[in-house]
Every structure is written in structure tokens, then in C-alpha cells.
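From just these sequences and the hints, can you work out the full model?
As given, the protein sequences belong to chains A and B, one line each in that order. Per our numbering, residue 1 is the first one in the first sequence, and the count goes up by one each step. Per our numbering, residue 1 is the first one in the second sequence, and the count goes up by one each step.
Because the hints were derived from the structure by calculation, they are not lab data. Because the structure is a prediction, the values reported are computed rather than measured. Think of the CB as a built atom: it goes at the ideal place given N, C-alpha and C, for glycine as much as any other residue. Honestly, I wouldn't trust all of these hints.
[Said to hold, decoys possible] Non-contacting residues of chain A with respect to chain B, defined by C-beta distances greater than 12 Å in every case (computed):
no.: 1; residue: Asn75
no.: 2; residue: Leu76
no.: 3; residue: Ile79
no.: 4; residue: Gly80
no.: 5; residue: Glu91
no.: 6; residue: Lys119
no.: 7; residue: Leu177
no.: 8; residue: Leu268
no.: 9; residue: Pro367
no.: 10; residue: Pro444
no.: 11; residue: Glu453
[What the hints assert, rightly or not] Label-pair distances were calculated between CB atoms; the ranges are:
no.: 12; chain 1: A; residue 1: Phe141; chain 2: B; residue 2: Glu338; range: 43 to 51 Å
no.: 13; chain 1: A; residue 1: Leu420; chain 2: B; residue 2: Leu51; range: 39 to 47 Å
no.: 14; chain 1: A; residue 1: Glu115; chain 2: B; residue 2: Pro82; range: 41 to 49 Å
no.: 15; chain 1: A; residue 1: Gly371; chain 2: B; residue 2: Asn37; range: 41 to 49 Å
no.: 16; chain 1: A; residue 1: Tyr448; chain 2: B; residue 2: Leu81; range: 56 to 64 Å
[Said to hold, decoys possible] Derived lysine to any residue pairs resembling SDA-like cross-links, with alpha carbons at most 25 Å apart:
no.: 17; chain 1: B; residue 1: Lys34; chain 2: A; residue 2: Pro82
no.: 18; chain 1: B; residue 1: Lys88; chain 2: B; residue 2: Leu40
no.: 19; chain 1: B; residue 1: Lys34; chain 2: A; residue 2: Ile432
no.: 20; chain 1: B; residue 1: Lys396; chain 2: B; residue 2: Asn447
2 protein chains.
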Amino acid sequence: MKRRYLHSYWLYACLLFLLLPALTYASGGEAAEKVANVFLWIAVLLLLAKLSSLIEKVGQPAVLGELVMGVILGNLVLIGLPTFEPVKHNEIIGFLAELGVVLLLFQIGLESKLEEMQKVGVRAFMVATVGVITPFILGYFVGMWLIPGLESHSYLFLGATLTATSVGITGRVFRDLGKIQTREAQIVLGAAVIDDVMGLIILAVVTAIVATGAVSIGKISLITLEAILFLIGAIFFGRLLAAWIGQAFSQIHTGVGMKFTIAISFCLIFAYLAHLVGLAPIVGAFAAGLMLEPVYFKRFEEPEINNEIQAVLTNVSEENKKKIETVLEHHNNHHLDELIAPLGHFLVPLFFIVIGLQVKLETLFDPRILGLALAITAVAFISKLVAGIVAGPVNKYIVGWGMAPRGEVGLIFAMIGKQLGVVTDEMFSVIIIMVILTTLLTPPILNYLLRKEKAV
Amino acid sequence: MKRRYLHSYWLYACLLFLLLPALTYASGGEAAEKVANVFLWIAVLLLLAKLSSLIEKVGQPAVLGELVMGVILGNLVLIGLPTFEPVKHNEIIGFLAELGVVLLLFQIGLESKLEEMQKVGVRAFMVATVGVITPFILGYFVGMWLIPGLESHSYLFLGATLTATSVGITGRVFRDLGKIQTREAQIVLGAAVIDDVMGLIILAVVTAIVATGAVSIGKISLITLEAILFLIGAIFFGRLLAAWIGQAFSQIHTGVGMKFTIAISFCLIFAYLAHLVGLAPIVGAFAAGLMLEPVYFKRFEEPEINNEIQAVLTNVSEENKKKIETVLEHHNNHHLDELIAPLGHFLVPLFFIVIGLQVKLETLFDPRILGLALAITAVAFISKLVAGIVAGPVNKYIVGWGMAPRGEVGLIFAMIGKQLGVVTDEMFSVIIIMVILTTLLTPPILNYLLRKEKAV
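What follows is the structure in C-alpha cells.
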């Protein structure tokens, strides 16, 4: 009975709503039109992202669902549905996606412990070093062998592209499965950050070689020094600042607005500073998260809830009151990450959907390019698995596969190479497919390995 | 000893950081440059907004601090500091500000009760009607008297501009002072929404008159019908949907991500639908908030915390256990607004800073324009105070002043008039000053009235 009653309402309401868009309207100009359209896009993308994250029900990480959803939406045009084409070139959604990955790395930093990372520091450095040298050399020579006849700069760029590690993808998988604090995750995160520093040094050097035909040892040393100084300086300076922020937080009683603002500004400023010294903004955001990791805040002040408890407890012993207070205290002590989470729910899925949107399935239709791409992809996987070997007494496969996704970093390398004219169209397609495959195949493989690990 | 130790650290860290920006770097292209700059702008604006909200310590609403901070930053160029000029024309920050005001109206909707609004419905309608007719007629004739010699369409536009009510400013003031649920606030909010509908009908009609020289009764009726159908349809349809969402929320146990996504998508979709029928997106967002107002969610599932309490309570009577559970239940029952709040902290201050940034203080330097503007501002205030008279047995001053700020709605009217060529440069300046004054003067006046009210 109740359902039938609901049905008639629904029918009426749906009809009403179908009527409205059929009419034409006075609108507030082109800018307002653009803004309103982005509102709709965001809502649609977020709802589809959440829908796709139901993939968790079959044991896969949510990020895989979001990526695949992005790929599907981005390629609807192949079956004659260009609905999502405008999203690909929308500057605002592009920005929100960038902000999303910065926020994700901030969250991952907040969940990582600097002490834990220091413990795996030497291992992470070794994994990063092997994980940069192996793909660079393998990429250079395999490229020369499979795609002969190009100038040597092209092979240099192919090698450089293969060195990148996209910490965003791997970090999300570890995070989705609650594994951020395992030794393997800490090695991969540490190595990916070091990798990023090394990769950007290589990029700067290779770019300089292409531009000037040669490069000075002085220039290389300078770039290297800057990047290292930034990371050491950021963490050193940031920890001091964080201690002060932590103290301030325990004294601020004016709600959570101020705490949220300081935390998010910290993240954005370090993202900017990282960019300033030539690193990816995500490295700065990750460093900011690491710094603020020990900062806690209280959702509500104790007197409020404690007074209520005291008021209802009449015949309870002092001992029991203490115990209750301890439980409440525990539930009242919130990590900064909780305050950031809603913003993350808003922005992070946009990043993975947008990454998926950029995947062009039609590139897979050319057998020659597909063959080359599969070979280069094999090089990409093998060379990072080699890096896993030096990871020490942990599951080397998890580390190796964790380093595999090239993601947006690989795309940036390829784009710069194309702009410089040393990466040919053919090689660009090959790199794009390699990035897609390392990005899409890693989440399920890593998921499988992590679950097997758990089962043992 | 400890402080000296800290000092030397600080010195070192500061030096390190001063070194870095002095160098030049390899960067990831122009797009990356642009994105990183926006990160920095957002952080700086958010920190300055929070700093300015310390105005609360002297009893003023935070929104006034943010507006004034925006005005100061926007006019630093007058003393030779063009630091904030790029922000004024930054498309991304403009979008985030728009999203901010949409979110603010969603939050205000979430805090308003539809039942309460229905109680004041008739009064709100009367206030809105008088608050549209009075300024329209007064504006038309005072304009003709003070700025003679223009075509009659210009006076029509001046009148139309004066009808607008910016619910954003007033809503924030009521909200900052915790007065959203007073009868006065509900009348103003209701009247502002109705006002917006009437204002946009007037805008559509005036625009049609300017464009075609005449307008048909059929066209006017159609626009009116659409707007009314939208609001009734949205609230009718939305309440049904909200009941279903509320049920779904009580059954979803997979964290708050899904709930957040559904809520925010609801807000954005209704903002878009409002735009589609020719209303301001904020009207749709407000309607969405009203619909979802009765939806609650639980932060953590009871079994978790209850088991912990049960485990520590050994000698406590059943009666006391029940009481404790009631207190916990109360603290565990969270309103949807709490989930949206962090996103609000991120976006809402950006809107008010951006509004402030657009204020050009140099327009105040021309005595003729300033004189005209002051006269038109007086008309703006008086005509809305007249509307307060029909508000019934409440504080009529609070309602009247609450309706006074023209804000962004007035600016939109002026801009469209300028594009159509009927609003002259002089009249545009006059309107801008009127909008500034009604926007900046209302918060302190309303604050004074509300605090006096409380004291009585």
C-alpha cells in the first residue's frame, strides 16, 4: 500500500521535472552557463565514481573502479556518444582533479609515520636508485632495438619516461586496503618520492641535453642540490612548525574551522614550494602530510560531554566513571585526517576519473603500435620488479609491482618530449599505452598480492 | 634553554627556505605553473580569511571581516602593490567562490526547517512582494529625477537592480550569530528566495523589453510559471527523495563517503536545475538543503562504542547504563551539515573574499558619482525597510535590514544592463557603490540589532 502511494508521487514528480528542461529560459550569461554546467559535471562524475567503487564488494580496490569508469566514459565517443567529451578539456575539472591528487598525497602523508619511513629509508633509497637506473638503461637500449632509426635523444626520453613512479595509484591501493602502515607500503612510498626527485633531475638533465646539445656538471649538481635541500628543509622546518601547530590546536577552542584552514593551507603551500624547486606538487603535499601526522584535535571539548555523563551517573563508582571517561576520551581524540576526509571524498575520485577519461582505447587498434607498446610495457614492469629485489626482508613482489604504475608522471615526461620534438607520434602512442597498462594492471595485481599476503 | 635551541633551528630553517626561491628551476610547463599558483593563492586567501575572522572577538560576524579583507587586498593596487590583481581575473578561483556561495546556501537550507518556513510563508511572501515593488518604483523615479536625460530603459534597469536581495550576506550574518532558526531569519530567508524568483522574472521581462521594444503577456506568464513550478516541484519531489535517502543512510554501513557524495551531488544537481529554469543556482542549493534538513547519519555504529562502554561498566545499574547510552546516542547522532562543514570551510570564505576583491575604492573619489551613489543607496535601504513593515509581529528592523544587501545578484543585474547598453558607465559605478554599501553596512547593523534583541 505504501509503495503504491509512493509510486504515484514519483510518476507525478518525474513528469513535472521532464516538463521543465523542455522549455527555454532567460539565463545569466555565458559565464553563469559555464559554471552551472561544471556543477552538473561534478555531481555526475562523483555519483558515477561512487557507483563504480561498489567494485569493493568483489574485493577490488575502489580506485580500480574509478579508473575503469573513467576509461568507459572517455571512450563512449567510440560508440557515438560524445557526452563526456567536454569534460576532458574542462579547465576547472582538470584543476579540481589536480587538487584531488595533491590532497590524496597529503592524506597518505598524514597516515604515514616519519619514524617508520626513516626505518626503511636506506631500503627505499636502494629501491628508488635501482628503480631509476634499470628502466632508464633498459628503455634506452630496447627502444633503440625495437624502434630503430631515431636520433639518440628520443631513446633518452623513452628511458626517462620509464623511470617515473606514480605514487598516487599505488598509494590509493594500499590505502583502500588499509595497508599504508606496512613495511612494503612505506618502502614503496619512500622510494616513489625519492624516485620523483631522481626522475625530475633526469628530466631536467635530458631536457638540457636536447636543448643545448650538452649539459654542465654544475647545472646537474645545482638541480640535485635544490631538490634534496627542499625535502630535508621541508621535513626539518615542517616538524618544528607542526609541533607549534599541535600546541596551538590544543589551545584553540573556536571550533574546527581554524584547524582545517591551517592544515589545508600547509598542504597547498608545500605543494607550491615543491613546484617552485622543480618537483611535482604532490611531493610537497606528501611532505606536508608527514609533518602534520602527529597532530591531533578534539571534536568537542570534554567538559560538555563529561558534564552530561556526570549528570546521569548517580550511583556509579569513581573507578567506573574514570573508565567511561577513558572510552569517551578515546572516541573524542580525532586525527587530522578525519577533518580532511570530506574534502577528499569530493576531490580525489575526480582525479582518478579524469585519468581514466584520458585513455584513448582506439590506440589499441593499430597492431604495430600495440605490439611495440606491449614490449615496452613488459620492460616497464620487469625493470621495476628488478628494483623490488633490493627491498630487503619484505615481500619483494609487492614492492616491485607497487613501483610499476607510471600514471600522470609518465604522461608529463612524454608531453614535454613531444613539445621538444624528440618524442615522435608513434613513440608517444607507445608511451601512452604503456602508462595505461601499468596504471590499470597494477591495482588488481597489487590487490591480489596483498590479499594473498594477508591469508598466509 | 629550550627556546634558544628552538631559535637556532628557526634561523637555520628560514635561511634554508630563503635560499631556494632565489634559484631558477626546471618546471613542468605553463599549465603546471598555473595550477601551482592557484594552490598558493587559495592557501594565502584562506589564511587571510581566517585571520580576518578574528573580528568575531570584538563581536562582529566573521563575514564582515572576510569582506573587508577582500576590499583591502583588492585595493592594495592603489598604494602601488598589484599583488592580488591576478586573483581578480582568475577563472578557477572565481569558480571556487561560486561553488562556495552555492554550498553556503545549501548549509543554510540544511539549518532551516521547512515547517518553520511554511509557518512564515505568507509573511515572507508579503515582505518579498513589497520588497520588490517599492525599490523598483522608487528606483525608477529617483533615477529619473537625479540622473535625467537617459532613455527610460535605463531607469527600468536601475529599478530592477534595486529589487535584488543577496541572501548570501544576510544568511551568513544570521548563521555566524546562531540565529538561523529565529522567526526573523526565516522570514528574510523565505522572502529572499521569493524575491530572487520575482527579481529574475523582472530581469527577464526588462531584458525582453529592451531587446524587442515590447513583451508579451504570454512570455511573462511562461517565465513566472516555470519558476514557480520549479520551486514547488523541487521541494515536493525532493522531500520524497530525501525520505528515501534518509532510509538508505540508516542502512549504509560503509563509512561516510557515500553519504557525503549523495548529499553534495543533490546540492549541485538542484543548483544546476535552478539555473536551467532561469533562477540563480543558489536558489536550487537552498531548496536542496531544505529537503535534506531532516536527514541524519551516525558517525560510528553504536555496537562499537557501546561494547566498549559495556566492557568497562561492571557494577553499574541497568538504569544508569540506559542513561549513558542515551547521552552517547545523542552525541553520535550527527546532522548532515557536520559532514558538509569542512568543504564549507574551504570554499565559503573564498566567496566573500572574492566579493570584497571586486570593490573598487577609487570610484569613491569622484564627488558627483559618490553623491549620486549615496542617494541611490539611501533609496536601497529605505525601500527594503518599507518591506519590513509588513513582516508581522516580529522585529521589523531586523527583517528590513536583513533584506538590504544587494550583493552578487545586484552585480549580475548591472552587468547584464551594461552588456545590453542601457546601463551607462556612470550608472554602473553608482550601482556598484550602492551594492558595496548595502553589502558592507548590513552585517554590522544587523549584528547590532540582533545583539540588542538578545539583550532585551
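Original post:
Would A:Glu91 pass as off the interface with chain B, using Cβ distances and a cut of 12 Å?
Top reply: Nearest chain B Cβ is 7 Å from A:Glu91, so the label is violated.
**OP:** Would you check the hint for B:Lys88 and B:Leu40, treating anything up to 25 Å between C-alpha atoms as holding?
**Re:** holds, 15 Å
**OP:** Examine each Cβ of chain B, and state whether all of them lie more than 12 Å from the Cβ of A:Pro367.
**Re:** holds, 33 Å
Subject >> B:Leu51 and A:Leu420 - C-beta distance against the hinted 39 to 47 Å >> reply: holds, 44 Å
**OP:** Check the following: the C-beta atoms of A:Phe141 and B:Glu338 are separated by a distance inside 43 to 51 Å.
**Re:** Violated, at about 58 Å.
**OP:** Take a quick look at A:Gly80 and tell me if its Cβ sits farther than 12 Å from every Cβ on chain B, holds or violated.
**Re:** Label holds. Min Cβ-Cβ 25 Å, cutoff 12 Å.
**OP:** For the pair we were handed, B:Lys34 and A:Pro82, check the Cα-Cα distance against 25 Å.
**Re:** violated, 28 Å
Subject >> A:Asn75 remote from chain B - nearest C-beta pair above 12 Å >> reply: Consistent with the label, A:Asn75 stays out of reach of chain B, its closest Cβ about 23 Å off (over 12 Å).
Original post:
Is the Cβ of A:Leu268 more than 12 Å away from each Cβ in chain B?
Top reply: violated, 4 Å
Original post:
Taking the closest pair, is the beta carbon of A:Glu453 still more than 12 Å from chain B?
Top reply: Given that every Cβ of chain B is farther than 12 Å from that of A:Glu453, nearest at about 24 Å, it holds.
Original post:
Holds or violated: are the alpha carbons of B:Lys396 and B:Asn447 at most 25 Å from each other?
Top reply: Since the Cα atoms of B:Lys396 and B:Asn447 sit roughly 15 Å apart, the hinted pair holds (cutoff 25 Å).
Original post:
Per the stated criterion, does the least C-beta distance between A:Pro444 and chain B lie above 12 Å, as a non-interface residue requires?
Top reply: Label holds. Min Cβ-Cβ 21 Å, cutoff 12 Å.
This entry does not satisfy hints 5, 8, 12, 17, going by the numbered hints stated previously.
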